[in-house]
Amino acid sequence: MNARRLEEIRPRIAALEAMPAVPAIVLPLTAILQSPPDQVDVEKVVELVSYDGTIAAHCLRMANSPLFGRRNTETVRSAIFALGLKRIEAILLGCCLNRIVPSDKWAFDPVTFWRHSLGCALVSRKMARLIGYPDPEKAYLAGLLHDIGMLVNTLAYTEDYRRCVQAARDGHVALHRSEEEHLGFTHCHSGKMLAEHWHFTADVTEVVEFHHEVGAATSAGPLVALVHLSDLLCRLRDLGYGYYEAMGVDLAGESAWARLVEHYPSLANMDLARLTMDIDGSMDEIVAIVDAVFKP
Amino acid sequence: MATGIAKSVTESEDLRDPAYLKIRDVIYQVSGIYQPEEKLYLLASRCARRISAVGAKSPAEYLEHLTVRGNREAELRLLLNEITIGETYMFRSPPQLEALRKVILPQIIKAKSAMGFKRLHIWSAGCSTGEEPYTLAMFLLEESEKMLAGWTCDILATDLNDRSLNAAKAGIYGEYALRSTTEPLRKKYFKPYDDKQLQVTDQLKSVIRFDRVNLNDDSKMTFLKGMDLIFCCNVLIYFDLGSKRKVMQHFYSNLLPGGYLFLGHAESLYQVDNRFHLMHFPGAIGYWKPPVGYTGGGKL
Numbered sequence: 001m002n003a004r005r006l007e008e009i010r011p012r013i014a015a016l017e018a019m020p021a022v023p024a025i026v027l028p029l030t031a032i033l034q035s036p037p038d039q040v041d042v043e044k045v046v047e048l049v050s051y052d053g054t055i056a057a058h059c060l061r062m063a064n065s066p067l068f069g070r071r072n073t074e075t076v077r078s079a080i081f082a083l084g085l086k087r088i089e090a091i092l093l094g095c096c097l098n099r100i101v102p103s104d105k106w107a108f109d110p111v112t113f114w115r116h117s118l119g120c121a122l123v124s125r126k127m128a129r130l131i132g133y134p135d136p137e138k139a140y141l142a143g144l145l146h147d148i149g150m151l152v153n154t155l156a157y158t159e160d161y162r163r164c165v166q167a168a169r170d171g172h173v174a175l176h177r178s179e180e181e182h183l184g185f186t187h188c189h190s191g192k193m194l195a196e197h198w199h200f201t202a203d204v205t206e207v208v209e210f211h212h213e214v215g216a217a218t219s220a221g222p223l224v225a226l227v228h229l230s231d232l233l234c235r236l237r238d239l240g241y242g243y244y245e246a247m248g249v250d251l252a253g254e255s256a257w258a259r260l261v262e263h264y265p266s267l268a269n270m271d272l273a274r275l276t277m278d279i280d281g282s283m284d285e286i287v288a289i290v291d292a293v294f295k296p
Numbered sequence: 001m002a003t004g005i006a007k008s009v010t011e012s013e014d015l016r017d018p019a020y021l022k023i024r025d026v027i028y029q030v031s032g033i034y035q036p037e038e039k040l041y042l043l044a045s046r047c048a049r050r051i052s053a054v055g056a057k058s059p060a061e062y063l064e065h066l067t068v069r070g071n072r073e074a075e076l077r078l079l080l081n082e083i084t085i086g087e088t089y090m091f092r093s094p095p096q097l098e099a100l101r102k103v104i105l106p107q108i109i110k111a112k113s114a115m116g117f118k119r120l121h122i123w124s125a126g127c128s129t130g131e132e133p134y135t136l137a138m139f140l141l142e143e144s145e146k147m148l149a150g151w152t153c154d155i156l157a158t159d160l161n162d163r164s165l166n167a168a169k170a171g172i173y174g175e176y177a178l179r180s181t182t183e184p185l186r187k188k189y190f191k192p193y194d195d196k197q198l199q200v201t202d203q204l205k206s207v208i209r210f211d212r213v214n215l216n217d218d219s220k221m222t223f224l225k226g227m228d229l230i231f232c233c234n235v236l237i238y239f240d241l242g243s244k245r246k247v248m249q250h251f252y253s254n255l256l257p258g259g260y261l262f263l264g265h266a267e268s269l270y271q272v273d274n275r276f277h278l279m280h281f282p283g284a285i286g287y288w289k290p291p292v293g294y295t296g297g298g299k300l
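If you read the protein sequences in the order shown, they are chains A and B.
End of the first sequence = 296 in the working numbering, gap-free, step of one.
End of the second sequence = 300 in the working numbering, gap-free, step of one.
Wrong hints could be hidden among the right ones.
Unchecked claim - Facing chain A, according to a computed beta carbon distance under 8 angstroms, are these residues of chain B, among others:
(1) GLU37
(2) ILE104
(3) HIS277
(4) ILE285
Unchecked claim - In the DSS-like style, the derived pairs of lysine-lysine whose C-alpha atoms are separated by at most 27 angstroms in a straight line are:
(5) B/LYS22 - A/LYS126
(6) B/LYS102 - B/LYS205
(7) B/LYS39 - A/LYS86
Keep in mind that the hints were calculated from the coordinates and are not lab data.
All of these numbers come straight from a predicted model, not from anything done at the bench.
Positions of the beta carbon are idealized from the N, C-alpha and C atoms, including for glycine.
With the hints as constraints, model all of the structure from the sequences given.
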């Protein structure tokens with residue numbers, strides 16, 4: 001990706017009518033996501049959820065779903081307690097970001113996209129805790145937002161992007177490879193522009209830009225490597241982009257792995273097979289959360 | 001009393017019993033079979049029968065049967081039998097076959113073709129009543145006119161148990177074993193046996209050589225060389241750590257560089273062997289013996 005090509009796409013992305021200012025509740029929400037769980041202001045969350053009728057309805061439906069024991073949850077507050085803050089936040093963010101893309105513009109199934117994003121968030125946080133990364137909530141947020149450039153691509157290059165996704169599907173190749181070939185840039189480049197436009201923190205912006213090119217990350221190297229590995233794991237465990245990517249991955253042989261081990265030596269002893277099976281175990285919950293937002 | 005316990009463990013209240021997590025960890029430590037926390041209800045239902053059989057009053061008491069009582073080894077074996085029961089049927093793991101078709105075989109074919117070899121050797125170690133080797137045989141025959149055109153392929157299927165081996169050789173299967181076998185494949189590779197069962201065709205049998213092999217028998221294991229793929233599902237779970245390590249050493253030398261070992265879907269080799277590389281494929285994991293000179297670098 002050369003600098004000139006990047007400059008060519010910048011005005012196109014900036015001029016997008018459908019790329020308005022950051023949705024009103026995303027910023028306070030990301031602030032909540034990043035505070036330690038014991039310091040989260042629950043009243044603020046109740047307020048944010050209540051602010052939006054659709055989101056409140058999603059939360060209530062989720063709290064009353066079989067996965068959570070079909071309680072008779074009638075208020076937003078009790079739904080929040082039934083689901084836990086993290087699930088509420090995932091629903092909120094999913095709803096907000098989903099509204100950015102009109103339903104006729106999606107180049108791929110939005111449910112698949114959000115399952116992947118949420119899966120990556122959960123795996124990033126889990127891995128962060130396992131290796132002693134100091135800010136697991138940051139890892140969660142970075143995992144949730146890492147592919148945000150795909151929203152830009154689907155909005156700004158709808159038809160081209162549809163062809164690009166179809167080519168990836170037909171060839172069983174990674175989506176960013178197909179983007180390079182068909183668009184000349186990837187969701188990492190367009191995602192970086194959106195992240196800057198929305199004033200994401202520098203480390204999350206680095207994750208968005210470099211999660212397929214870990215070696216190029218500078219200050220947020222470990223976080224980028226962490227999300228890169230979680231992204232790969234999700235794509236390998238049925239939480240990918242909804243098609244078969246023909247790949248065999250030696251995760252422990254990845255350069256991202258080596259980079260992370262430098263900072264967190266305990267990773268070298270991680271039981272990767274067990275982590276993989278744990279991800280499989282989380283599938284039902286991920287599917288339930290995403291379906292709560294997207295299924296009518 | 002016993003029925004009451006069996007019934008109650010399926011209720012979510014009892015799943016919160018920390019004894020189940022401990023039982024899970026004991027099983028993992030001893031056998032390498034892992035159940036994620038979200039799937040503990042499966043473990044609980046498998047434990048229920050053993051809990052009532054030994055007359056334990058709670059999961060915690062049953063944990064004692066697995067850890068401190070004199071018969072713990074026998075009890076653990078009985079529980080493992082419960083856990084792996086029903087694991088065997090044909091086409092048990094489609095993602096594993098997809099990984100073979102889309103990633104592994106193209107890679108092996110490329111590497112071996114470059115050296116002028118066109119033979120593929122597969123070993124089903126602990127083949128039980130034959131479902132696994134016949135699945136692989138169907139897979140190979142289906143590919144024999146596609147990517148394996150011009151290749152000679154064979155499957156060695158071994159087991160310790162003579163009765164299992166005889167059943168495997170006979171190749172007679174009912175609906176349970178065939179539940180994931182598609183109609184076209186049934187028509188192509190099976191013939192009617194009686195009202196309820198089908199028998200494999202001679203063509204399918206011809207791909208496989210059956211033999212009795214004890215994986216603990218060093219002298220026999222040493223001679224089984226040149227394998228491209230080894231499948232060993234839910235066999236090592238019954239071995240102690242020392243025997244597991246020895247079998248893994250054998251498997252490592254039985255495999256050609258670039259070859260793969262596959263275990264049961266919930267089995268892990270963590271802390272058993274560090275020479276194999278854990279490889280992830282979509283929906284499947286395998287253990288890889290890298291070719292000489294491999295220095296890491298991730299994706300294939």
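Tested hints:
Evaluation of the B/GLU37 hint against chain A yields a held restraint, the C-beta minimum of about 6 angstroms falling below 8 angstroms. The criterion of a C-beta within 8 angstroms of any C-beta in chain A is met by B/ILE104, whose closest approach is roughly 7 angstroms, and the hint holds. Because the closest C-beta pair between B/HIS277 and chain A is about 5 angstroms apart, less than 8 angstroms, the hint holds. Annotation: B/ILE285 was flagged as interfacial toward chain A, and the flag holds, the nearest CB pair being 6 angstroms apart, inside 8 angstroms.
At roughly 20 angstroms between alpha-carbon atoms, B/LYS22 and A/LYS126 fall within 27 angstroms of each other, so this suggested pair holds. For the hint linking B/LYS102 to B/LYS205, the alpha-carbon distance of about 25 angstroms falls within 27 angstroms, and the restraint holds. Taking the CA atoms of B/LYS39 and A/LYS86, the gap is near 21 angstroms; set against the 27 angstroms cutoff, the hint holds.
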